Amino acid sequence: MVRHNNQLPENLPQLQNLIKRDPESYKEEFLQQHQHYKSILEVFRLSPNKYNKSLDEIIIFLSQVAHCYPNVLQSFPQEIMDVLQTYNTVLDNDMRLTFCKALIQLRNKSLLEPTVLLSLFFELLRCKDKNLRQFLQLHIITDIKNVNTRQKNAKINTTLQNFMFSMLKDSNVRAAKMSADIMIELYNKNVWNDAKTVNVLATGCFVRTTKVMVTCLKFFLGTGTDEQVNEESDSDNEPNIKEIIMANKVNKKTKKREKQLAKAKHLLKSKKKATKSPGFNFSALHLIHDPQGFAEKLFKQLEKNNDRFEIKLITLDVISRLIGLHNLFLLNFYPYLQRFLQPHQREVTKLLQFIAQSSHELVPPDVLEPVLKTLANNFVTERNSADVMAIGLNAIREICTRCPLVMNADLLQDLVRYKHYKERSVMMAARSLITLFRNSVPELLHKKDRGRPTEATISLETPKYGQISANDFVPGAEVLLDNKFDDTAEISNISNQNDSDDEWIDVNCTDKEDNSDDDSSDCNNNSADDDKDDFDDSDNENDDGDSSGKKEEEEEGKKTEDASETIESSIQNNELNNVHDVKDRNIKSEISNVNIEIDNATNGNQGKQHCVLVKLERTKLQLKKQEDTKLKKKESISIEKREKATLISNERLLTDEDFIKIDTALAKQHVTYAKRGLKRSQPNDNERGEFVKLTDIENIYKKRKHDKEARIESVKKGQEGRERFGYKDGRQNPLCSKTNREKKKTKAFQMLKHKVKGKVKRSFKEKQIALRNHLLKQKRMK
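Here the sequence shown is numbered in the working numbering, starting from 4 and rising by one per residue.
Hints were generated in silico from the structure; no laboratory data involved.
Bear in mind the structure is a predicted one, so any value in this text is a computation, not a measurement.
C-beta: ideal position from N, C-alpha, C; glycine also.
Be aware that one or more of the hints could be misleading.
Said to hold, decoys possible - Label pairs and their calculated CB-CB ranges:
id, residue 1, residue 2, range
1, H269, F752, 47 to 55 angstroms
2, E646, N702, 40 to 48 angstroms
3, N335, S113, 53 to 61 angstroms
4, K41, S113, 23 to 31 angstroms
As the list claims (entries may be wrong) - Here are the simulated lysine-lysine pairs, DSBU-like style, with alpha carbons at most 30 angstroms apart:
id, residue 1, residue 2
5, K451, K467
6, K221, K192
7, K780, K764
8, K56, K30
9, K148, K214
10, K262, K252
11, K23, K56
12, K315, K353
13, K199, K221
14, K760, K748
15, K307, K353
16, K131, K221
17, K758, K768
18, K221, K148
19, K148, K23
20, K300, K353
21, K172, K300
22, K303, K315
23, K255, K268
24, K41, K53
25, K719, K425
26, K133, K148
27, K221, K133
28, K192, K172
29, K731, K750
30, K760, K770
31, K376, K451
32, K758, K731
33, K133, K172
34, K199, K155
Generate the whole structure from the sequences, applying the supplied hints.
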């Protein structure tokens, strides 16, 4: 019996279905179609720019059943690839897309090597067909991702990366741009996140084509990934779960709100399941082989090319990030940016961000000092607005955070005076500068601005240029000992010991310290007798004798004055003004008394002057001794803490609970004030990120308008020039009359009260009365 609906030679989808079920039974029909394909292909080669429907259908058919007859169709993939390579720019768009789809089918059936196919597809990116390019880009990314799913296929990756390296330098702008986009997408998907990909893209930053160069530069800035994350995290259309839960607690319970709450809880559960642990991969700037050479080439290209200002900004951003991240030396970069540091400059806040980003500890301070002075002269002046001054102070703060040695005491004290400025934004910016230097180099600040030192800033040293402090232990780990090191108790004991060491010892005129009390009283008595003798002798002497005596006394007086001045300066240089202890205040008062004795001794004899000088020398030695003991005590505290922390760090594996205790103890040290008598030092390293945030420089504090008059004034100011809210008169001619319905809106309610009720159906009795009245009225009219 013959089946009338069986039309196998013409119905290719039906034949395809049957062949996949039983290839051997339908081999003859397949061979017949294969011969037909060869004849059509020869005809197509004569006119490749025309669309051939029969060839389109039979190529799709053969690609679907190619895995059933691999020996027969062994040359089929190569034939299609030859057609694409020969006529790639001449082919009809639909036919070209059909050939590419057939090759992808063969690749999915593992009948084609990925390197051969992807190399061909990269060449096809030169075609002037946007849909085809997007289709090929999607397939290339997906195919490479599938190849590296289980493990990295180094052989295929190396071959394709080398081919892409040549494609970036291709004369066709579209192909080069698409190749860069594919590599960036593969890097963002963690498929090709190795150093070779990054360095291939680094060469794209020096391509003459602007589009490719900008694409590669934006890759190093990470703007593409940030935009992608923002798109993924955009939850404007999604309900806010917390608000829905709170509203459900407060508002009236309805079925609609219950459904919203159930939906919100379901979304919350699905989000928790979907969240993955973040991948902490190195950024692209870390993987560059030669960051110094890369930055120098970029800067040379920037100076040579005359690109648009936006492209210059992107290039400057990449260079500044490289300098700050790798601590590079590119000393010509700072004078180049210094030219643009003017308040009226376009995108000046970004330029300030680049200056701060490119600052680090190894930059010589004399290179950055002109930039700092330019900022202070151009921005932090009262001829500018408050916002400009605040931005300038914020930029100076960010530079000094990364390179504190660039600031000098005179400039800092001038900037700090803006802490009492009338505008809040300038005042807060100046106070943030004070806070920075309190914890970094407090010696540059005035004494009243240094603040009281905390326990966290006691045992730290003054930084020097090029000095790197690296710990071989976990800071603060000493708190984990069973017998905890009590900071406050230790410091109080040390302060008590200092008090005992700082007790005043009377200084006498002899060198022996054992008989100090007796000698001092004898010395005072002798000096009093000498004064009397000198007074009597001066009255009985002649003028000639007075001249020689006065010369000797003047010389001795000059010596004592010079000695007192040198001693006073040395005492002041020994940080006498920073001493907070009560005993040290007593020493200062005694020194002032000794200075008074020096003034009195200038008129006395030589013995008394010598006695006072010896007393001052003893005082100087005593102060030095006290300072040495304080430094030794501080060093003993820091050494003991360091030893305990090193012991715990080497002998124990710290858990999360241990780190929580350490963080709590360190936070407490930043809040707890140190005991008086222990002087402050500065912190080891300022906490900062790799890059400078633009919001840190543009952070301007504004005082909000709280009073009602100011709020009403701002509301009225915002309503100026705006259309009146409410009913809009739609009349074309304002002089024509309005309808009764429009007039009704402006009438008082008492005028419309009787009409609001509306028509009510009359009762039967009311109808009878109305009918009676009507009949009576008609009878009267007759």
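Hint-by-hint comparison with the structure:
1. H269 with F752: 47 to 55 angstroms: holds, 50 angstroms
2. E646 with N702: 40 to 48 angstroms: Given a distance of about 42 angstroms, which is inside 40 to 48 angstroms, the answer is holds.
3. N335 with S113: 53 to 61 angstroms: holds, 56 angstroms
4. K41 with S113: 23 to 31 angstroms: Holds, since K41 and S113 (Cβ atoms, about 24 angstroms apart) stay within the stated range.
5. K451 with K467: holds, 25 angstroms
6. K221 with K192: holds, 17 angstroms
7. K780 with K764: The hint holds at about 23 angstroms.
8. K56 with K30: Between K56 and K30 the Cα gap is close to 24 angstroms, so the pair holds against 30 angstroms.
9. K148 with K214: holds, 26 angstroms
10. K262 with K252: Roughly 14 angstroms between the alpha carbons, so the hint for K262 and K252 holds.
11. K23 with K56: Holds. K23 to K56 sits at ~23 angstroms (cutoff 30 angstroms).
12. K315 with K353: With a Cα-Cα distance of about 11 angstroms, the restraint between K315 and K353 holds, given a limit of 30 angstroms.
13. K199 with K221: It holds: about 18 angstroms lies between the C-alpha atoms, which stays within 30 angstroms.
14. K760 with K748: Satisfied, since the Cα-Cα distance of roughly 16 angstroms is no more than 30 angstroms.
15. K307 with K353: holds, 22 angstroms
16. K131 with K221: holds, 25 angstroms
17. K758 with K768: holds, 23 angstroms
18. K221 with K148: Holds, at roughly 23 angstroms.
19. K148 with K23: holds, 29 angstroms
20. K300 with K353: holds, 22 angstroms
21. K172 with K300: OK: K172 and K300 at ~17 angstroms, within 30 angstroms.
22. K303 with K315: holds, 12 angstroms
23. K255 with K268: holds, 19 angstroms
24. K41 with K53: holds, 17 angstroms
25. K719 with K425: holds, 26 angstroms
26. K133 with K148: Satisfied, since the Cα-Cα distance of roughly 23 angstroms is no more than 30 angstroms.
27. K221 with K133: With a Cα-Cα distance of about 23 angstroms, the restraint between K221 and K133 holds, given a limit of 30 angstroms.
28. K192 with K172: It holds: about 24 angstroms lies between the C-alpha atoms, which stays within 30 angstroms.
29. K731 with K750: holds, 17 angstroms
30. K760 with K770: holds, 20 angstroms
31. K376 with K451: holds, 24 angstroms
32. K758 with K731: holds, 25 angstroms
33. K133 with K172: holds, 21 angstroms
34. K199 with K155: Since the Cα atoms of K199 and K155 sit roughly 14 angstroms apart, the hinted pair holds (cutoff 30 angstroms).
Of the numbered hints stated above, none is contradicted by the structure.
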